[in-house]
Amino acid sequence: MVSDASDMFPTQFKILIAGGFGVGKTTFVGTVSEIAPLTTEETLTSASEGTDHLTGVENKVTTTVAMDFGRITFAMQNMVLYLFGTPGQNRFWFMWDELSRGALGAVVLADTRRLQDCFAAVEFFERRGIKFLVAINEFDGAYRYQADEIRSALELDASVPLVRCDARNMRSASNALITLVEHIVAKSSSRTTEDSVDVNRIRS
Amino acid sequence: MARPDEGATPDAELWVRPYTVINGRTRPSTVLDLTSLVRATGKGLVGPEQLGHEHAQALQLCHSPTSVAEVAAHLRQPVMVAKVLLSDLIDSGAITARFPAVLGTTDPALLEKLLDGLRRL
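Residue numbers (the numbering used here), protein chains in the order written: chain A, 1 to 204; chain B, 205 to 325.
These aren't lab readings, by the way, just hints derived from the structure by calculation. Keep in mind that this is a model prediction, so the values were computed, not measured. There's no promise every hint is true.
[As the list claims (entries may be wrong)] Beyond 12 Å from chain B on every Cβ pair, some chain A residues (computed): (1) A103; (2) Q116; (3) D140; (4) Y143; (5) E149; (6) A158.
[Unchecked claim] One side of the interface only, derived from the structure: several residues of chain A facing chain B at Cβ under 8 Å: (7) P10; (8) K14; (9) T39; (10) E41; (11) E98; (12) S159; (13) V181; (14) V185; (15) S189.
Yeah, the Cβ is synthetic: ideal placement off N, Cα and C, and Gly gets one too.
Put together the whole structure using the sequences plus the hints.
Right, here's the structure in full:
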């Protein structure tokens, strides 16, 4: 690897924005990013839609996996935060490995009308030991559930923060990021801090 | 059930071009991550006029430290193609790369700085 004087490069952080299709990942990335969300593509050869296993080379089709990403530069701190929207479909899960490598943490966006869509993301981060929070992207007209109802529906560990969020709103979306980073700081600094967290806390 | 945000639409034209750009190679000579930062050195064994169009385009995007993901997005090429192009440029000395060593740090001091930045947004 070619290296360079490290002070010329900013400190980098990566946060993943996960959740089911249509839950607002792209919106979230676009709201907080200083650049218009860019889409990168990864090509892959996979079995065609509707099959769960490779049935033969002749049935393979080449598809792309699109990932949205955005960036926030903190010039004063010489830091850059990258936000990656994860591909929603299950068959692109292998992409999550590269995406999650070195990730600081993740925001799992959930829509109360289709809560099951975020189960897979919650499970993925739990298994990998990646710290995350669940942000309920409150869609107009969606029934407002109580925090504990959502927690039990997701079988969410008591220490995982649950916040409400409007992915279209800068303040609301950046608050979700702040809560996530605070959670990571608390988790990694001391166990006693963790015990004092109100498990049913839910922020607007 | 092709979904728009997953880009699952096979596009014959697109699928011929990208790997032609890199002569069918699918492995970059340097290991690069999506968030690896690349930056032009202002030097290089190959002059700009000798670079292919895509290499020159990639080099142009590296004036300031830029992530591999961003280069790929601007080139409108798959990530792997961008990685191969960039690793060619690294081999020629035209750009330098840094694997994000501090990525995923839980250093409280760094995280506090990050929080400070987020709160000022």
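Against the structure, the hints:
no., hint, verdict
1, A103, "violated (6 Å)"
2, Q116, "holds (17 Å)"
3, D140, "holds (20 Å)"
4, Y143, "holds (25 Å)"
5, E149, "holds (29 Å)"
6, A158, "holds (21 Å)"
7, P10, "holds (7 Å)"
8, K14, "holds (6 Å)"
9, T39, "holds (6 Å)"
10, E41, "holds (5 Å)"
11, E98, "holds (6 Å)"
12, S159, "violated (15 Å)"
13, V181, "holds (5 Å)"
14, V185, "holds (5 Å)"
15, S189, "holds (6 Å)"
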